[in-house]
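*Asks:* Protein sequences appear in the order of chains A and B.
FYI, the numbering used here numbers position 241 of the first sequence as 241, with every residue one higher than the one before it.
Count along the second sequence from 1, add 291, and you get the number used in the numbering used here.
Where hints are given, some of them may not hold.
Simulated coverage check for chain A against chain B, where a stretch passes if three residues somewhere in it have a Cβ under 8 Å from a Cβ of chain B [claimed, not checked]:
#1 6 to 18
#2 31 to 43
#3 85 to 92
#4 103 to 110
#5 250 to 261
EDC-like mimics (lysine to aspartate or glutamate), calculated; alpha carbons at most 20 Å apart, straight line [what the hints assert, rightly or not]:
#6 Lys7/A <-> Glu822/B
#7 Lys722/B <-> Asp791/B
#8 Lys262/A <-> Asp12/A
#9 Lys318/B <-> Asp81/A
#10 Lys263/A <-> Asp81/A
#11 Lys576/B <-> Asp799/B
#12 Lys7/A <-> Asp818/B
#13 Lys262/A <-> Glu70/A
#14 Lys262/A <-> Glu180/A
#15 Lys315/B <-> Glu6/A
#16 Lys492/B <-> Glu802/B
#17 Lys263/A <-> Asp12/A
For the record, the hints were derived by calculation from the structure and aren't laboratory data.
The beta carbon of each residue, even a glycine, is placed where N, CA and C say it ideally should be.
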Amino acid sequence: MNQNYEKYYVPDQSPWPIVGAVAMFLIAVGAALTVMQASEEGGNGHYILYGGIAILLYMLFSWFKNVIEESHQGLYSAQMDRSFRQGMSWFIFSEVMFFMAFFGALFYARMISVPWLGGAGNNAMTNEVLWPTFEAVWPLVTTPAGDTTQAMGWLGLPLINTVILLISSVTLHFAHVAMENNKRGPLKVFLGATILLGVVFLGLQVEEYIHAYQDLGLTLDSGVYGNTFFLLTGFHGMHVTLGTIILLVVFFRILKGHFSPKKHFAFQAAAWYWHFVDVVWLCLFVFVYVL
Amino acid sequence: MSSITDEHNNDAAHHDAGHHQPAKGFKRWLFTTNHKDIGSLYLIFSLTMFLIGGAMAMVIRAELFQPGLQLVDPHFFNQMTTVHGLIMVFGAVMPAFTGLANWMVPLMIGAPDMALPRMNNWSFWILPFAFLILLASLFMPGGGPAFGWTFYAPLSTTYSNDNTALFVFAVHIMGISSIMGAINVVVTIVNMRAPGMTWMKLPLFVWTWLITAFLLIAVMPVLAGAVTMVLTDKYFATSFFDAAGGGDPVMFQHIFWFFGHPEVYIMILPAFGIISTIVPTFSRKKLFGYASMVYATSSIALLSFIVWAHHMFTTGMPVAAELFFMYATMLISVPTGVKVFNWVATMWRGSISFEVPMLFSIAFIVLFTLGGFSGLMLAITPADFQYHDTYFVVAHFHYVLVTGAVFSIMAGAYYWLPKWTGNMFNITLAKWHFWLSLVSVNVLFFPMHFVGLAGMPRRIPDYALQFADFNAIISIGGFAFGLSQLLFVVVVYKCAKGGDKVPAKVWDGAEGLEWEVPSPAPYHTFDTPPEIK
Numbered sequence: 001m002n003q004n005y006e007k008y009y010v011p012d013q014s015p016w017p018i019v020g021a022v023a024m025f026l027i028a029v030g031a032a033l034t035v036m037q038a039s040e041e042g043g044n045g046h047y048i049l050y051g052g053i054a055i056l057l058y059m060l061f062s063w064f065k066n067v068i069e070e071s072h073q074g075l076y077s078a079q080m081d082r083s084f085r086q087g088m089s090w091f092i093f094s095e096v097m098f099f100m101a102f103f104g105a106l107f108y109a110r111m112i113s114v115p116w117l118g119g120a121g122n123n124a125m126t127n128e129v130l131w132p133t134f135e136a137v138w139p140l141v142t143t144p145a146g147d148t149t150q151a152m153g154w155l156g157l158p159l160i161n162t163v164i165l166l167i168s169s170v171t172l173h174f175a176h177v178a179m180e181n182n183k184r185g186p187l188k189v190f191l192g193a194t195i196l197l198g199v200v201f202l203g204l205q206v207e208e209y210i211h212a213y214q215d216l217g218l219t220l221d222s223g224v225y226g227n228t229f230f231l232l233t234g235f236h237g238m239h240v241t242l243g244t245i246i247l248l249v250v251f252f253r254i255l256k257g258h259f260s261p262k263k264h265f266a267f268q269a270a271a272w273y274w275h276f277v278d279v280v281w282l283c284l285f286v287f288v289y290v291l
Numbered sequence: 292m293s294s295i296t297d298e299h300n301n302d303a304a305h306h307d308a309g310h311h312q313p314a315k316g317f318k319r320w321l322f323t324t325n326h327k328d329i330g331s332l333y334l335i336f337s338l339t340m341f342l343i344g345g346a347m348a349m350v351i352r353a354e355l356f357q358p359g360l361q362l363v364d365p366h367f368f369n370q371m372t373t374v375h376g377l378i379m380v381f382g383a384v385m386p387a388f389t390g391l392a393n394w395m396v397p398l399m400i401g402a403p404d405m406a407l408p409r410m411n412n413w414s415f416w417i418l419p420f421a422f423l424i425l426l427a428s429l430f431m432p433g434g435g436p437a438f439g440w441t442f443y444a445p446l447s448t449t450y451s452n453d454n455t456a457l458f459v460f461a462v463h464i465m466g467i468s469s470i471m472g473a474i475n476v477v478v479t480i481v482n483m484r485a486p487g488m489t490w491m492k493l494p495l496f497v498w499t500w501l502i503t504a505f506l507l508i509a510v511m512p513v514l515a516g517a518v519t520m521v522l523t524d525k526y527f528a529t530s531f532f533d534a535a536g537g538g539d540p541v542m543f544q545h546i547f548w549f550f551g552h553p554e555v556y557i558m559i560l561p562a563f564g565i566i567s568t569i570v571p572t573f574s575r576k577k578l579f580g581y582a583s584m585v586y587a588t589s590s591i592a593l594l595s596f597i598v599w600a601h602h603m604f605t606t607g608m609p610v611a612a613e614l615f616f617m618y619a620t621m622l623i624s625v626p627t628g629v630k631v632f633n634w635v636a637t638m639w640r641g642s643i644s645f646e647v648p649m650l651f652s653i654a655f656i657v658l659f660t661l662g663g664f665s666g667l668m669l670a671i672t673p674a675d676f677q678y679h680d681t682y683f684v685v686a687h688f689h690y691v692l693v694t695g696a697v698f699s700i701m702a703g704a705y706y707w708l709p710k711w712t713g714n715m716f717n718i719t720l721a722k723w724h725f726w727l728s729l730v731s732v733n734v735l736f737f738p739m740h741f742v743g744l745a746g747m748p749r750r751i752p753d754y755a756l757q758f759a760d761f762n763a764i765i766s767i768g769g770f771a772f773g774l775s776q777l778l779f780v781v782v783v784y785k786c787a788k789g790g791d792k793v794p795a796k797v798w799d800g801a802e803g804l805e806w807e808v809p810s811p812a813p814y815h816t817f818d819t820p821p822e823i824k
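Same shape as in the complex, but just chain B:
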């Protein structure tokens, strides 16, 4: 994609000499303005949240192991499903992508750092506080949010507990963090590309993040508006979502999903970027259809603004609206299909090798596509009347989010971990992590399709007896998947501590500026921009 001059190669190896080094101790992390430090903070925070949110999923699966109510009371079960969703979306997946962007975007475009380094620190450090508030509310009298991560009115207004204000302000902070982070990414990409790094030479990870950041800036404020209206409806007697005052609970869903649908793509577009980076490396071929990837990503982003009501087919919208949202939704499968075909075509007749990042990428392509197909089924309005609010939906979005987004994050982490630490990770353990995850994740989520189609409703702590066998299997898959992730923690920890030293270019088929700097990447890179030929 891009090569840089030999002159700079020498420069990159030596230019760190005499430069100021990271501060010592805790201050380094609190006061840092360094994109690599902040990227690491985001990634560590995300992994922590992934484990906490995962623990909540274990509570859910333990309760659902058998029919009947045995371990937790239903109100606590509701808090678990709600906070599990909120943590995984806002605490695990989004910060992981932001962390990868922080680490990799400046390296990939040849920038010395993010455009606004101090604000970058602020974007990160408000995030742990937001989740502190959210998690603390679980331990308060009345408990935490229990209305689902989508906080539909009137569940979040008339029927929610007194602690809802804490949820509202926690979400406000998460939104502010995302907006500031996204502004930083956009400005960095637009303004700080090295000379010669023209738009159509940008690595795809950078492209997808540019478009993701645009989506974030466009829709996070709408989420802020939605939680604000929930706050005033609950505490100040407004009636935005109350028909008695001329409002409408369905209006909440429109506003929420106007944010929520682009949000879904916020969690998958960077994943597309990661996969588009890794697949060519291990196929030893250039990415097939680079330009069409860029256009497909843009199309998906634009379409994401006009499909939101496919989450609401059963709310009694006029038929014309149902049809519009059905067709618009199906249209999205065209650019998404382009992407999948491009990845497969990239692998076609390549000299493929199956390193750990590639394993996760191939699993991503297959399983994400499966999640895409169940999405297509859900997009069909009359069919959705059957699937709506069942475990089929749960199966669908866990395929796109776990085997989609999370697998891509794992792939990216394994791909760049040697670049970050300078050490190769323990390949045997990593392969165990992959195979155990791959098998258990399918044991976990695949049977959900069946119980869903048979009518098992989501978000309910009990179920009819005929679902018992499948649910026991699902729970076993869940525990296995949860335990397998502890292996990932071990791999990352060991890799950070030491391991076989790696050269600048860790993977022999890899391309891009990040492989021109030494491993581990020096604290400051590209103080003077490289020239892209």
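Isolated chain A, as found in the complex:
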């Protein structure tokens, strides 16, 4: 038989998945109750939510600890490494499709529902009967019902944020090059810089939200323009937050001396994720802000 075959490592029983399942259950119930009790006094749903998140974090920490130990024991073959890589790629593809749903909503609102409400195509009577004073413009600053808001410009904070994310992708690439050449000093510097840029991006994003709410009157509930703006940038922001945390974990692992020029899947997965988040932002910048 094929003598040079490396055994595929099948882990023994593990408690972490079921712990993670309980955590997800608590998060789902807690989140649902929190949302349902939002208008009431003294809801307790958020305690369940926090409990679930705490258990999930504990689970992730322990699960990854096991994985890292197994990796250091040399249990993972090249084939195993391919499994991880392919798994991560497909996960990122699923994330792309998640954003597609919201981009789809943006395109539909902009190209179809708003113009139709304004009487485009054969919809003259829609406009006439429902909201005769409504005029279809994008950004939708006056909704058919008459709520008004102001549009977010693309110069200023959004442009700065775009530049920041683009630079962060470059620094991360240099970090990867340093990793492959086993230059640990530059690796730490470039990775640290990437994380820092991520944090700055998030800070500026908060700043932009404050500006939107306080100065522009642009809120989550100000019509479909505000809806798509906040859900797209919001979910993107959550992904940047997650990406930053992942990079931070990788950074601490590098400080502990983990990874080699040849074997650094965790670093690479984190980098792929970061580049993906970056590409989403570019689409956001073009379709939400500029156009």
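Got chain A sorted already, so can you dock chain B onto it with the hints?
*Replies:* This is chain B only, laid out in the frame that chain A set:
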């Protein structure tokens, strides 16, 4: 399709000696990383959900036995139709296929396990929790979801009850489970095939699951997006699906069906794989047109992304869109026809024997094709204006889902049950299960075509008097079909407990690696991959 070396045959029989065995007690099932354990968990869970969802169908049929409102109030009736649909789609059919994939894919490709065994466990165990949340909402003040399994806005937003958030997060968990499960299947198939198992040697069940998994990863996130927008519309005053804020309720349908149509094929492609496995075995012939089966499956998957609006012909889309979606939908009948012809051609001049899996497969071919034809009728835009939202639609999708997907799952279960347990099931009881199901399912669903064409609307707890006789017949068929499934539970239980011992190759015409390992399949198989010649 593939043969393995004699050397490995000996190896397969003995290599389990000295290997670690399953853990004892409850921990085995909670902590397991074994694809066979997880496959069994999926299948048992699916059967449980099938019975719970079936019980809800019995409530629906009891209420519809006579015209007028007699047993349940309309709000509860709506909850029953909604949760019946959600449970059967996400709790019964999909987990059953995932369970079959877990059990069979590693065996069929000569892999030691699924590629990511711990995540495999996680994918399964979040699923019961999701359905716990969904079912619990039925017992809360205000009740469970009552807007249909398609949760159209504004029914699910403006007009839904306060518990909708529970539905939303339950669906999120189901989606996460499906995505993780699908990633595992794709990676296993792409990365873990035994040496020599080239793409065009893959068993068709593996091929169809590869394509199904791709569809799952592509569209489950879109469903997550749709429920998220429902959540924000309902609780955070957004107006994605509200024209007053510049949105559109029709937009919901576009997003939902962009998920929903590929979802339909997610529930039928693995069925095609199962039938393509069973028919050659009992016809003692190779599958006719293997390559064309692969290409047909891929074509169906690709087309599934561009036909979604045929669910929405009556929403007032522009005529150009109606025509596009009509023709694109009809195009799907070409690759589907290829499949049906291939199955029939496989049986042509074969030495056919009618074991239970084969009976279910033949019933599948005939009755699924019937469901396909009514689908073709629904695809015709002007005709659909008449059929839309009537019992004709209910008849159509129950033919493709019950006599299609569910029959294929039954066929697969009977085909591989001896391999899983090492025992032959009680053939007499199984045949009773088949014949009773076959007759009752047609009594149940066939008259729905007639009442539908005559205009009886779906999802309404009452109906006009002229539909009374047919509905009484339909309900009797429904109760009979429901009761017949209890026989299946008995057969499975008895088979797990004992029965005539079976050899490694249970069916003499069967081909494939799964028949090279002993029955019952050892806890660990193919620790070293077999070599495929």
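*Asks:* Take the hints in turn and mark each one as holding or not.
*Replies:* Hint check:
With a cut-off of 8 Å between beta carbons, the region 6 to 18 of chain A has 11 residues touching chain B; three or more are needed, and the interface restraint holds. Three residues within the 8 Å Cβ limit are the bar, and the region 31 to 43 of chain A against chain B gives 6, so the coverage statement holds. Proximity of the region 85 to 92 of chain A to chain B, defined as three or more residues with a beta carbon under 8 Å from a beta carbon of that chain, is established by the 4 residues found. Counting residues of the region 103 to 110 of chain A whose CB lies closer than 8 Å to any CB of chain B gives 4, which reaches the minimum of 3, so the coverage claim holds.
Note: the region 250 to 261 of chain A has 0 residues with beta-carbon separation from chain B under 8 Å; the three-residue rule is not met and the coverage is violated. For the hint linking Lys7/A to Glu822/B, the alpha-carbon distance of about 15 Å falls within 20 Å, and the restraint holds. This hinted pair checks out: Lys722/B and Asp791/B have alpha carbons roughly 17 Å apart, not beyond 20 Å. Restraint check: the Cα-Cα separation between Lys262/A and Asp12/A comes to about 27 Å, which exceeds 20 Å; the hinted pair is violated.
Annotation: proposed proximity of Lys318/B to Asp81/A is violated, straight-line Cα distance about 29 Å (limit 20 Å). Between Lys263/A and Asp81/A, the direct Cα distance comes to roughly 9 Å. Compliance with the 20 Å bound is thereby established for this hinted pair. A distance of roughly 12 Å separates the Cα atoms of Lys576/B and Asp799/B; the hinted pair therefore holds under the 20 Å criterion. Distance check on the hinted pair: Lys7/A and Asp818/B sit about 7 Å apart at the alpha-carbon level, within 20 Å; holds.
A C-alpha spacing of about 17 Å is found between Lys262/A and Glu70/A, which places the hinted pair at or below 20 Å, so the restraint holds. As the CA atoms of Lys262/A and Glu180/A are separated by approximately 7 Å, the hinted pair is consistent with the 20 Å bound. With a C-alpha separation of about 29 Å, the suggested pair Lys315/B and Glu6/A falls outside the 20 Å cut-off, and the hint is violated. Taking the CA atoms of Lys492/B and Glu802/B, the gap is near 12 Å; set against the 20 Å cutoff, the hint holds.
A threshold of 20 Å between alpha carbons decides the hint, and for Lys263/A with Asp12/A the separation of about 23 Å lies outside it, so the pair is violated.
Hint compliance for this structure: hints 5, 8, 9, 15, 17 are broken, all remaining hints hold.
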